[in-house]
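Participant: For this one, chain A is given, so just place chain B on it according to the hints.
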Amino acid sequence: MRRTTPFVLLAVGGLLAGCLGQNQAEQGQPTRNADAKDVTLTIVANAVAGGKNTRGADWLTNWVIPRFTEAQKAKGVNVTVRFDQNGAGDEDYKTKIALDLKTGGGADIVEIDGIWLGEFAQAGQIKPLDDVIGKSGVDAWDGWKQIPDAVQGLGQFDGKRYGVPMGTDGRVLFYNKKLFAQAGLPSDWQPRGWDDVLAAGTALKRIPGVAPIQLNAGTAMGEATTMQGVLPALVGTGKPIYDGGKWQGGTAQVKDVLGLYQRVYGGGLGDAVLQQEAKGRDRSFAMFADNKIGILLESDYFWRSVVEPRIGVAKMADRDTAVGWALVPAKQSGSGVSGQDFVSMSGGGVRVVNPNTQYPKQAWEFMQFLNSAEAVKAALAGTAQVTQRNDVNDEVLKGDPMLSFIADEVLPITRYRPGLADYPKVSAALQQATADVVAGKSPDDAAKAYQDALVKAVGEGNVAGG
Amino acid sequence: MRAADSDVAGLGATRAIAFVAPALLLIGVFLVFPALWTLYIGITNYQLTGPAAAQPRVVGLDNFVSALNDALFLNSVGLTALFVFGSAVIGQNVLGFVLAWLLRRVRPSLRRTVEAFVLLAWILPGPVVAYLWFAVLSRDGGTFGLLLNDPATAWLVEYPMVSLIVFNIWRGTAFSMLLYTSALAAVPPTQLETARLVGASGWQTVRDVVFPHIRGHVLTNTLLISLWTANDFTPFLLTAGGPNHRSEVLPVLIYRQALESGQLGYASAMSLLLLVGNLVIALVYLRLLRRRA
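Chains as they are written, first to last, in our numbering: chain A, 1160 to 1625; chain B, 638 to 930.
So here's chain A without its partners, still in its complex pose:
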């Protein structure tokens, strides 16, 4: 007995060694089950009726699924569509999707954030549409020509199409006009540099109980810190995070950004504790809606889904009169990327077809249905949003001054994140650097720690400066 134990261990170890990272064997041809008469499709999204992204959830349940089922029935195909609802934080949702795809399961159509595309693609967890659906089927869709190239880029990796984007967004400074009036600031505010923003913050600070500026910081907010904090500030210093084939380490520009954080949170212009709480971002939304935050950097998501008076998660009944918006200024005039005076960052969701699907042809038909002009318009439910389709945008954005502002003023000057697999590690290091500054470290020390963390994460040859 004693002597056999090592052999058993070896045998088990050998079995294990063959298991990691291989789950593609069962994926078959794009034509499999193409003529099936009974089809089950599942779609998964980070949306839940009555909670996060409730409009998207209602649209899928009440509009898309019944109509698609009906349309298929007319063709003699009996389709059952299931909608897997989630109401979780973005990071948790991503983990769930990654585990689903990794284990060879998951929904047939998966909604993901465009920035995850590169990681999933490099892991082989999603595949180019041409491979999953077949090139002729993909090219045949007439919807592509309605989607602008920049937006299509959200669904591409290494020059290949992996999914269909769900629209895009832009980041601006939202401000509370009521608080601005109290502080003697103009209602049509447009700062021309960081100093203007901080000066407004100083004026707002005189109102008791108000956190003047909310610039997301820390690790608890996850990607929201990077996307609604560090990156918009960084493009305002003239350099994007990934430049000339290298990630920015502890460069002068990164130090400038961390210096901005110090001026906000070291100078009492922001609520430092909020950045460290487990649910800080949700709370910042509630505080803004409660007239307790003066200025907040967010994407137009904030306007559409947070302070929206009917379905927002932090409703503001007087949103249309109380909430103003301004372009994010560069550090000073002309110091932004490409010499811009104002800057922004954009992202957006993408729907991909799961390579493990049993019904690739039907999943692609469902995808086309989801992205038809009719469906996209219905998804808006009378509100507006920068959708993926030009024809829909032309029609719906006219009615909403905030979103036409995004389409007309912000999208021309915006930047996208690099869709590289290393990006999440860089993002995590940036979040940690802001957390350090909020906790009291000097920008120089935080930048140095960031440089070290970055070198460790992506390799010295891929990091610039220090």
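For the record, the hints were derived by calculation from the structure and aren't laboratory data.
Warning: the hint list may mix true and false statements.
[To be verified] Capping the alpha-carbon separation at 25 Å, the derived lysine to any residue pairs in SDA-like fashion look like this:
id: 1; chain 1: A; residue 1: 1319; chain 2: A; residue 2: 1301
id: 2; chain 1: A; residue 1: 1438; chain 2: B; residue 2: 896
id: 3; chain 1: A; residue 1: 1438; chain 2: B; residue 2: 839
id: 4; chain 1: A; residue 1: 1438; chain 2: B; residue 2: 815
[Stated by the list, open to error] Take a look, some chain B residues computed to stay more than 10 Å from chain A by CB distance:
id: 5; residue: 685
id: 6; residue: 732
id: 7; residue: 744
id: 8; residue: 747
id: 9; residue: 786
id: 10; residue: 812
id: 11; residue: 830
id: 12; residue: 834
id: 13; residue: 847
id: 14; residue: 850
id: 15; residue: 896
id: 16; residue: 899
All figures in this text were calculated on a predicted structure; none of them were measured in a lab.
All residues carry an ideal CB built from backbone N, CA and C; glycine is no exception.
Facilitator: Only chain B this time, still in chain A's reference frame:
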């Protein structure tokens, strides 16, 4: 020695194996296999997403070396030790014993009521309890802040470890209390009576009469609650390891590294180090127990 001599039950080897096979199978599937799997992933650079998810490489002991040099890991080890020592070894142990000792001679109705409340803290599901404590310690008019007339303090942010330790004492004391209640029943009443007659104080009685009888129970209890606390994941529900890693005990760090950062290989290596740490603690306790015997 012949086989028949050791086969007291008279089953024979085949039938004996047949009897234990189901149990061994379960242990193999749910204990041995995951442990070996963790060991194996721990020596690779396996990740949740990205190129290393498709083609993981064996990196040998790199993960272990970088963990031992990782400031975050060392920070977690320190916090875990503090958490175990403060909330289990001292907190639950002492409070559990005090409750058991004090409740010996009170009216049964009072004893049952107190026991019921203490037990309630133990049997409620983790998320429910975490939510209650979140509400108590919140800075939005949380109960604790209101009691102290200081509603704006964010206890979980400003005193994260103290909050976790107090929470875990509250949460886990029931087990120690139950164990000590039954242990105290084993102390011969005549000896307690004698101690009382010779005028021993309460503390002297506990030290010289009670403790020698329950020493084994104390060690067993401390071992169990230490291991449970070292592996406890509930802190994640309260602070998520924040603010800025100040309450990131090992299970939370491992979870965040594995699922939030996607570093499955690295996190497995850290799990294994935690497992080794637990084994060492268990061995020390067992040694102490044996010395008593």
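Participant: Please name the hints from earlier in the document that this structure breaks, with their numbers sorted from lowest to highest.
Facilitator: 3, 4, 5, 15 and 16
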